[in-house]
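S.K.: Using the hints, put the two chains back together into the complex; each one sits in its own frame.
Here are the chains, one letter per residue:
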Amino acid sequence: MVNVIHEAEFGQVKACAAAVVDFSATWCGPCKMLAPVLEKISEEMKGKVDFFKADVDENPNLARQFAIQSIPALIFLKNGEEVGREIGFKPEAAVKSALQRVFD
Amino acid sequence: MSRYDIAVIGTGPAGLEAALTAKARNKSVLLIGSAELSPKVAKAHMIRNYLGLPNVSGGEMQAAFLRQMEAAGIKITDERVKNVYAMGDYFVLQTGEIDSMLEAETLILATGLPLSRNLPGEDRFLGRGVSYCATCDGALYRGKRTAVIGYAPKEEDEADFLSELAAEVLYFPQYTGEVRTAPAVKVIPEKPVEILGGESARVLKTDGGEYEVDGIFILRDNIAPDKLVPGLELDGTRVKVTPQMETNIPGCFAAGDIAGPPYQYIKAAGQGNVAALAAVDYLAAKRKE
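Protein chains in written order, with the working numbering: chain S, 1 to 104; chain B, 1 to 289.
Simulated from the structure, these hints should not be mistaken for laboratory data. Be aware that a few hints might be false.
[What the hints assert, rightly or not] Calculated pairs, BS3-like style, for lysine-lysine (alpha carbon to alpha carbon, straight line, at most 25 Å):
id, chain 1, residue 1, chain 2, residue 2
1, S, LYS14, S, LYS48
2, B, LYS23, B, LYS267
3, S, LYS96, B, LYS227
4, B, LYS40, B, LYS240
5, S, LYS96, B, LYS286
6, S, LYS78, S, LYS96
7, S, LYS53, B, LYS227
8, B, LYS43, B, LYS75
9, S, LYS32, B, LYS82
10, B, LYS227, S, LYS40
11, B, LYS23, B, LYS286
12, B, LYS27, B, LYS267
13, S, LYS53, S, LYS40
14, B, LYS40, B, LYS191
15, B, LYS240, S, LYS96
16, S, LYS53, S, LYS96
17, B, LYS186, B, LYS205
18, S, LYS46, S, LYS96
19, B, LYS286, S, LYS40
20, S, LYS32, B, LYS227
21, B, LYS154, B, LYS75
22, B, LYS82, B, LYS144
23, B, LYS75, B, LYS23
24, B, LYS154, B, LYS191
[As the list claims (entries may be wrong)] Selected chain S positions facing chain B (in silico; Cβ < 8 Å):
id, residue
25, CYS28
26, PHE89
27, ALA94
Owing to the predicted nature of the structure, the values given are computational and were not obtained by experimental measurement. We put the CB at the ideal spot given by N, CA and C, even for glycine.
Only chain B is shown next, with the shape it has when bound in the complex (with noise of 0.2 Å):
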């Protein structure tokens, strides 16, 4: 397996951004995420405050992005990142099952705001009956009864997975449109509210009932970006980051709405490409040793 020089999370301003910089740089840049880039652009109506793109719509700002990317000959890796591992000196990127491995010396966050806020219960049984991910805890759920929690379509697939496990699968989804699910999953079109329990999770309240299981899966697109990298360390909700985009870890850089207010597209930019030369001047001092 080779070992990007820099691996890029994120494909809003920010993300691409920083791959721009480091490419013109002449580093290996792994740019992972959305192929159809930030959603969030995609929805806005107008943004006027754009050097060089005066008064264009979030959807005409994305062709422009990705004209330039594809001019630049950088490709997007379009997948989602589940876990990053920081091993001291490289980052591991999971991106499905255990198998799905990418490394990278340098590691650059550009995933944005989290969409969603984490139920209440949801920290305190992390690891305890709660889990983020069916198809690496599912197996400790054999024969058990379980609750998954889908904040998206492609979200099916893992409930079922864990029906192919689990004794009982319980599906709730969190968007609009068609369900579709395995004949084992049973869909309960309700929303979530809590989760109680005592040493371990047991009880996931919705605003229609209360279910008693022995796991609960909630599987969003975005999650908390100290649980994506174990060990990062937040300011609120946001990365702690130093003028510089330093993360705490080394090697680790944050930009763009991650990184804090404000929320603005041209400072998302302004700080992947601060980032991207942060981890350019980290390599250099590393091969110095």
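Chain S extracted, bound-state conformation (with noise of 0.2 Å):
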């Protein structure tokens, strides 16, 4: 499951071991398409990694925070420091193989 996250509580990321934080908004086309792959994966991936989704009308200073540019961004955190990003729309086995590379 991929949790939505406001900045208000991104301690909550932060104190994960493994997280992904999916920066998008309901206007880009491409985070809509990314969201049912980060579902399933997120599935597959259950207690070992925690997924989460920012807006980033919603949450401006979050995405500030992260330099985030384009969207979708996919942040990669190990116990709340960023470890790796990828942007933009990936399949499912790029981004799985994008996931492994960081986390195994």
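M.R.: See the structure below:
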């Protein structure tokens, strides 16, 4: 499951050993397409990596903090520290291999 | 929304033959591209080695192609595909804003050769200040200073759209003829040579000067295949294909110049035929599961 997160609750993400934050927006086509892919992967990686989604319009400070300039942007975090990012839509296999590179 | 059996992108010899073959095999076909067909074919002075059409000009060849498409009852959807999403067992083609999405079970890429080369710095900063779609990423540049590099007059609309959001839009037309943009758009007739920056793109360098900006939009007719279809594997600049014209993405095929040399019309048409038959086989195998 991908949890919708608001910037005020970001401490919750930082507390995760392994987390993915999907920065996206309602008006963004590639974001809309990536959402079901992430939903599926999040189920497969349950208990290993926690998945979150942050709307850039609702969370402008968070988006600025992570210097988001193109969406969707997937930020990979280990214990609250960014360890990698992927920008733009990617098919399932490509997202999975990016996750494996970072978290395995 | 109905889902087509086969979507073909591109209306050169490869795309047209793929659509013709797919239709002959009774598949529902979405043929999408320019209704004026391939500008490269149109400009050909004389073609001497196309079987069945001896010594024709590019214009005559296009006319023959169009007659055959019409006779086969194949319509061309005259739109530009901005993005293709491989969703696993189907593909989504985005042609404009978020609501213009078309779906197909298989995809045949026949978009030809990318005509212009990437700018130095373009790949490095893509998604970090460089974007290919003003209507997609424009909202992230609200109140910012932006540059738009347009390779065709129709990109003026994108610059106008951006001028409603951004603090400043500098427009660099890369074509000849009159430029008609909104008053807020500043037109600079210079040729970009490089994109500079640190973490993200900051400066657009041209043959006439340097421009400090927050975002650079590069709008071309023909974007690199792996940018059009994220996840697609290339071999140099061409799409990597098997002899059956399969790409690394299941259900996605490529034909014609996009799949590499030789750049010949008859070879492109032949590959379009192979790709369509491979897509038909793929569909049959999938439906048996």
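S.K.: Hint by hint, which ones does the structure fall short of?
M.R.: none
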